[in-house]
Amino acid sequence: MTTGSRRITFFATCIVDQLYPTVGMAAACLLEQQGVNVDVPDDLLCCGQMAFNAGFRDDAYTIAGRTLEVLRGKGDVVLPSGSCAAMIRHLYHELFAHTPFAAAADELAHRTYEWSEYLVDVIGVTDVGAHFSGRITYHDACHGLRFLGLGKQARMLLNHVAGAEVVPLPGCDQCCGFGGLFAIKQASISTAMLERKLEAIESTKADLLVTGDVSCMTQIAGGLSRRQSAIRTRHLAEVLANMVDAR
Amino acid sequence: MTQTIAFYDRVDQALHDTALQTALNRATTRFVGNRVSAISALCEADRLRDQARAIRAYALAHLDELLPQLAANVEARGGHVCWASDGEEARRYIIELARARGVRSIVKSKSMASEEIHLNEALEHAGFEVVETDLGEYIIQLAGETPSHIIAPAIHKTREQVSALFEQHLGMPPTTEVPPMIRTARQALRQRFLRADMGISGVNFGVADSGAIVIVENEGNARLSTTVPRIHVAIMGIERIVARLADLGVMLQVLARSATGQKLSVYTSLICGSARPGEEDGPEEFHLVLLDNGRSRILGGQYAESLLCIRCGACLNACPVYQAIGGHAYGGVYSGPIGAILTPLLQPDLPDAYLLPQASSLCGACQEVCPVRIAIPDMLLRHRADAVRAGKAHPVEKAAIRGYTLTMTHPAIYRASGKAARLFSRILARKGRFRRLPPPLHLWTKQRDFPAPPSKTFRELWAEHRKQRSQNGA
Ligand code: SF4
Chain A
1 MTTGSRRITF FATCIVDQLY PTVGMAAACL LEQQGVNVDV PDDLLCCGQM
51 AFNAGFRDDA YTIAGRTLEV LRGKGDVVLP SGSCAAMIRH LYHELFAHTP
101 FAAAADELAH RTYEWSEYLV DVIGVTDVGA HFSGRITYHD ACHGLRFLGL
151 GKQARMLLNH VAGAEVVPLP GCDQCCGFGG LFAIKQASIS TAMLERKLEA
201 IESTKADLLV TGDVSCMTQI AGGLSRRQSA IRTRHLAEVL ANMVDAR
Chain B
1 MTQTIAFYDR VDQALHDTAL QTALNRATTR FVGNRVSAIS ALCEADRLRD
51 QARAIRAYAL AHLDELLPQL AANVEARGGH VCWASDGEEA RRYIIELARA
101 RGVRSIVKSK SMASEEIHLN EALEHAGFEV VETDLGEYII QLAGETPSHI
151 IAPAIHKTRE QVSALFEQHL GMPPTTEVPP MIRTARQALR QRFLRADMGI
201 SGVNFGVADS GAIVIVENEG NARLSTTVPR IHVAIMGIER IVARLADLGV
251 MLQVLARSAT GQKLSVYTSL ICGSARPGEE DGPEEFHLVL LDNGRSRILG
301 GQYAESLLCI RCGACLNACP VYQAIGGHAY GGVYSGPIGA ILTPLLQPDL
351 PDAYLLPQAS SLCGACQEVC PVRIAIPDML LRHRADAVRA GKAHPVEKAA
401 IRGYTLTMTH PAIYRASGKA ARLFSRILAR KGRFRRLPPP LHLWTKQRDF
451 PAPPSKTFRE LWAEHRKQRS QNGA
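If you're matching them up, the sequences are chains A and B in order. Going by this note's numbering, the final residue of the first sequence carries number 247, and the count climbs one at a time with no gaps. Going by this note's numbering, the final residue of the second sequence carries number 474, and the count climbs one at a time with no gaps.
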């Protein structure tokens, strides 16, 4: 493994940067350990998803346009969050259609990867030497699952965590009810969806709920914490980096 | 139809309706389970869906040829065709026809198109006796309600509620057993079939090259509605067409599997007009109402894909929002994810139709199950963009998005507001989380905690890590 054979731009995303710095550290450091040169541009802030999903396309265009500019010519881009990766891969096309940036957006989509996808499908790593003693269950984040086809990568990685017992989560592909502003604008529906998810999670008797999207983490951990549940919520990268107790 | 209460109130009502919650849970779980096993039993499911989509896309692209072809074929077999540009025209045609033929009693077999134009109300208002003959439709007609699901109109009713309705209207002794309920309904309906002068049905597919209309059902009542009375009127949305009889092999399979998880529906009727001279069975007259009602307007635009829909209802069953609130909360005729797209287009007069596309977490479960692969989330997002363009965004939301945009395009502001948030959290957060936040974020913390920003951002941690690495000579 020679350092510097691969070079990526790590797009931490705004939520990871502000709310989940350990997720960013885990994901970026694990890539470094696999010999990847990780670059974190200082002015790379946000993909614009929140504005786009809320219907504010002009605002989304402004934010995403800037991101597009920063990422121009930067090689492969890796994000530790499925929904932001899906925004770039799937929705930039619609956002920039019929604009001077259409080609650049499509080109960026082709070199953008979600973190576990990059690790497993591009570098070909499934065992990072992690260990955890306890039961782990995995929630498929909707955007990763349905718009990027993720899920198997995370399971392969988790199955190599020494000491961990990975148990299936009933309804693992059911939405947790986050959905960005939906979680606030339709709080009652959002929390009704969350209740189902929490019951499923609790039924597994797991010690750890793992997922690949910080949006779902915010929702699920918020619900578990309100229920004073002992089940902890962690991003896949944190588990693999043995950072489960870091926070 | 005017809504008396607002969308959010309907949602809250639905979430607190325990009978509704029980019924929804039972029913959607069953449908989803059936569908999964029916689909996975079919190894070429994906290829079939591609074919289904291609068939529908072809039909939509060639409506201008196929509709006249269908009409010509219907007329060649002695049927009559009404081109109705809106609900008003369709209603008038049917009412005038019924009056001219001295009709008194009408039986109906489930048709979302007739719901869409509120045909029952109009017919009853004009003095006709109208009876829905499909069990689910009959139940909600007795209850004075509207369908809450495209293919299972009474999905929101529990067995206990149905029993109470039958006891009240049909004198059935209370029971929670299904067979006696079905027997009771069947006995009541038989009288109606025999008495009816006119039968009104929907259309699952109109077949252009042969002039046939296809009706798919599980109870057999559509067969009776379309053959026993002397006049049969079929109402078909103009998009519900396929080019060739040969297309049905694919379409009927994906419809049944997606809708109820069956390999094929129990009854599939292909109706080619009225009884011919010398034939004993069948109606004397056949009328096909081709209903536009806003569809041609959708055709060329950014929602055109929604017209591929074959009304299988799979997206409703898969949708976690529908599972939570049921169909009535949507307020329009069509509910669930596809309803959230169609209602603002077909019923733009509903005051809060624009809110329906907001009620989605965009999880994509609908698109995953849709047999014709309609990109439902993309269209929900387009609706949201349209609503913002039309100035319907809430001022608080608008201000929040402006602030967000400013922050995310100016690194200095971004860093400063991050610092402010961390300061704020040091005062308000307990054990790394907020239990209460000020409005509008209090909507989040009503039932969920929110993580407090840790003392350092990822960027700061990363910079330290980099420095350490270079000091270690890495
Ligand atoms: S949108 Fe697709 S899944 Fe939903 S009813 Fe129509 S065809 Fe069925």
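Note that these hints are calculated values from the structure, not bench results. One thing to keep in mind: the hints can contain errors.
To be verified - Calculated cross-link-like contacts (lysine-lysine; reagent style DSS-like; alpha-carbon spacing at most 30 Å):
{"#": "1", "chain 1": "A", "residue 1": "K185", "chain 2": "B", "residue 2": "K467"}
{"#": "2", "chain 1": "B", "residue 1": "K419", "chain 2": "A", "residue 2": "K185"}
{"#": "3", "chain 1": "A", "residue 1": "K185", "chain 2": "B", "residue 2": "K398"}
{"#": "4", "chain 1": "A", "residue 1": "K205", "chain 2": "B", "residue 2": "K419"}
{"#": "5", "chain 1": "B", "residue 1": "K431", "chain 2": "A", "residue 2": "K185"}
- Can you give the numbers of the hints that this structure goes against, from lowest to highest? Violated: hints 1 and 4.
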